[in-house]
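> Sequence:
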Amino acid sequence: MTTRAIPESVTRRKRRILFTDVAFGFYQFALITHFFQPGISNVLWILSGLVAAFGTIQLRRSIGGADLPDAELDEYELTRHLEAREDGLKTSLVISTVLFVITGFLAIAAKLWFEPTGADVAIFFGKAICFQLAFVPFAVARSLAGKINRDELISAG
Numbered sequence: 001m002t003t004r005a006i007p008e009s010v011t012r013r014k015r016r017i018l019f020t021d022v023a024f025g026f027y028q029f030a031l032i033t034h035f036f037q038p039g040i041s042n043v044l045w046i047l048s049g050l051v052a053a054f055g056t057i058q059l060r061r062s063i064g065g066a067d068l069p070d071a072e073l074d075e076y077e078l079t080r081h082l083e084a085r086e087d088g089l090k091t092s093l094v095i096s097t098v099l100f101v102i103t104g105f106l107a108i109a110a111k112l113w114f115e116p117t118g119a120d121v122a123i124f125f126g127k128a129i130c131f132q133l134a135f136v137p138f139a140v141a142r143s144l145a146g147k148i149n150r151d152e153l154i155s156a157g
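For what it's worth, our numbering labels the leading residue of the sequence shown as 1, then goes sequentially.
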């Protein structure tokens with residue numbers, strides 16, 4: 001069995017996905033540290049948000065803006081696009097559910113452990129909602145990039 005060379009576009013998209021995944025990981029770390037180290041959390045939140053936005057834009061460029069098509073799509077591209085949008089909606093639902101659960105934990109923690117100010121809670125949920133607003137478009141672009149990578153690997157073989 002011979003090994004095939006992986007197309008450069010596939011490798012580039014995989015690197016951009018990994019880069020943006022790491023940025024969103026730091027974004028989540030900023031959320032976790034919000035009540036314990038607010039200064040570090042705020043700096044990390046801003047920097048990781050900017051890096052995640054940059055990564056999402058670069059990923060969208062590498063898939064040719066297929067997540068927001070401006071022309072009519074053939075049947076296969078339409079199916080691929082609809083599946084990616086469905087993946088984005090599922091991601092949004094999961095993040096919304098997690099935010100709902102965090103709300104419950106925050107209420108219990110505020111009752112038993114510490115007393116956050118109203119501003120702290122509002123800023124925390126602002127950060128969490130910003131995370132959701134940034135991650136859902138990335139999830140759609142990531143899903144499309146995976147499908148495009150699969151197609152390119154099949155056609156290269």
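Among these hints, one or two may not hold up.
Here are the in silico distance ranges between beta carbons for each label pair [as the list claims (entries may be wrong)]:
| hint | residue 1 | residue 2 | range |
| --- | --- | --- | --- |
| 1 | Phe114 | Asp151 | 45 to 53 angstroms |
| 2 | Gly39 | Glu115 | 48 to 56 angstroms |
| 3 | Thr117 | Ile40 | 14 to 22 angstroms |
| 4 | Leu18 | Val121 | 28 to 36 angstroms |
| 5 | Leu112 | Gly157 | 52 to 60 angstroms |
| 6 | Val121 | Lys14 | 14 to 22 angstroms |
| 7 | Leu82 | Asp21 | 21 to 29 angstroms |
| 8 | Glu152 | Glu72 | 18 to 26 angstroms |
| 9 | Gly157 | Pro116 | 50 to 58 angstroms |
| 10 | Pro38 | Gly157 | 48 to 56 angstroms |
| 11 | Gln132 | Asn42 | 31 to 39 angstroms |
| 12 | Phe105 | Gly64 | 18 to 26 angstroms |
| 13 | Ser96 | Gly39 | 38 to 46 angstroms |
Below, a list of computed lysine to any residue pairs in the SDA-like style, where the Cα atoms sit at most 20 angstroms apart [as the list claims (entries may be wrong)]:
| hint | residue 1 | residue 2 |
| --- | --- | --- |
| 14 | Lys111 | Val94 |
| 15 | Lys127 | Gln28 |
| 16 | Lys147 | Ile32 |
| 17 | Lys127 | Ala66 |
| 18 | Lys147 | Leu78 |
| 19 | Lys127 | Gly157 |
| 20 | Lys14 | Thr3 |
| 21 | Lys127 | Thr97 |
| 22 | Lys111 | Leu44 |
| 23 | Lys147 | Phe29 |
| 24 | Lys127 | Leu44 |
| 25 | Lys14 | Asp87 |
| 26 | Lys127 | Thr117 |
| 27 | Lys14 | Val121 |
| 28 | Lys111 | Ile95 |
Keep in mind the hints are simulated off the structure, nothing from the lab. Think of the CB as a built atom: it goes at the ideal place given N, C-alpha and C, for glycine as much as any other residue.
> Would you mind marking each hint as holding or not holding in the structure?
Against the structure, the hints:
no.	hint	in the structure
1	Phe114 with Asp151: 45 to 53 angstroms	holds, 51 angstroms
2	Gly39 with Glu115: 48 to 56 angstroms	violated, 19 angstroms
3	Thr117 with Ile40: 14 to 22 angstroms	holds, 18 angstroms
4	Leu18 with Val121: 28 to 36 angstroms	holds, 33 angstroms
5	Leu112 with Gly157: 52 to 60 angstroms	holds, 58 angstroms
6	Val121 with Lys14: 14 to 22 angstroms	violated, 38 angstroms
7	Leu82 with Asp21: 21 to 29 angstroms	holds, 24 angstroms
8	Glu152 with Glu72: 18 to 26 angstroms	holds, 22 angstroms
9	Gly157 with Pro116: 50 to 58 angstroms	holds, 55 angstroms
10	Pro38 with Gly157: 48 to 56 angstroms	holds, 51 angstroms
11	Gln132 with Asn42: 31 to 39 angstroms	violated, 18 angstroms
12	Phe105 with Gly64: 18 to 26 angstroms	violated, 41 angstroms
13	Ser96 with Gly39: 38 to 46 angstroms	violated, 28 angstroms
14	Lys111 with Val94	violated, 26 angstroms
15	Lys127 with Gln28	holds, 9 angstroms
16	Lys147 with Ile32	violated, 32 angstroms
17	Lys127 with Ala66	violated, 28 angstroms
18	Lys147 with Leu78	holds, 12 angstroms
19	Lys127 with Gly157	violated, 44 angstroms
20	Lys14 with Thr3	holds, 19 angstroms
21	Lys127 with Thr97	holds, 16 angstroms
22	Lys111 with Leu44	violated, 28 angstroms
23	Lys147 with Phe29	violated, 29 angstroms
24	Lys127 with Leu44	holds, 11 angstroms
25	Lys14 with Asp87	holds, 18 angstroms
26	Lys127 with Thr117	holds, 16 angstroms
27	Lys14 with Val121	violated, 36 angstroms
28	Lys111 with Ile95	violated, 24 angstroms
Checked against the numbered hints given earlier, the structure breaks hints 2, 6, 11, 12, 13, 14, 16, 17, 19, 22, 23, 27, 28 and satisfies all the rest.
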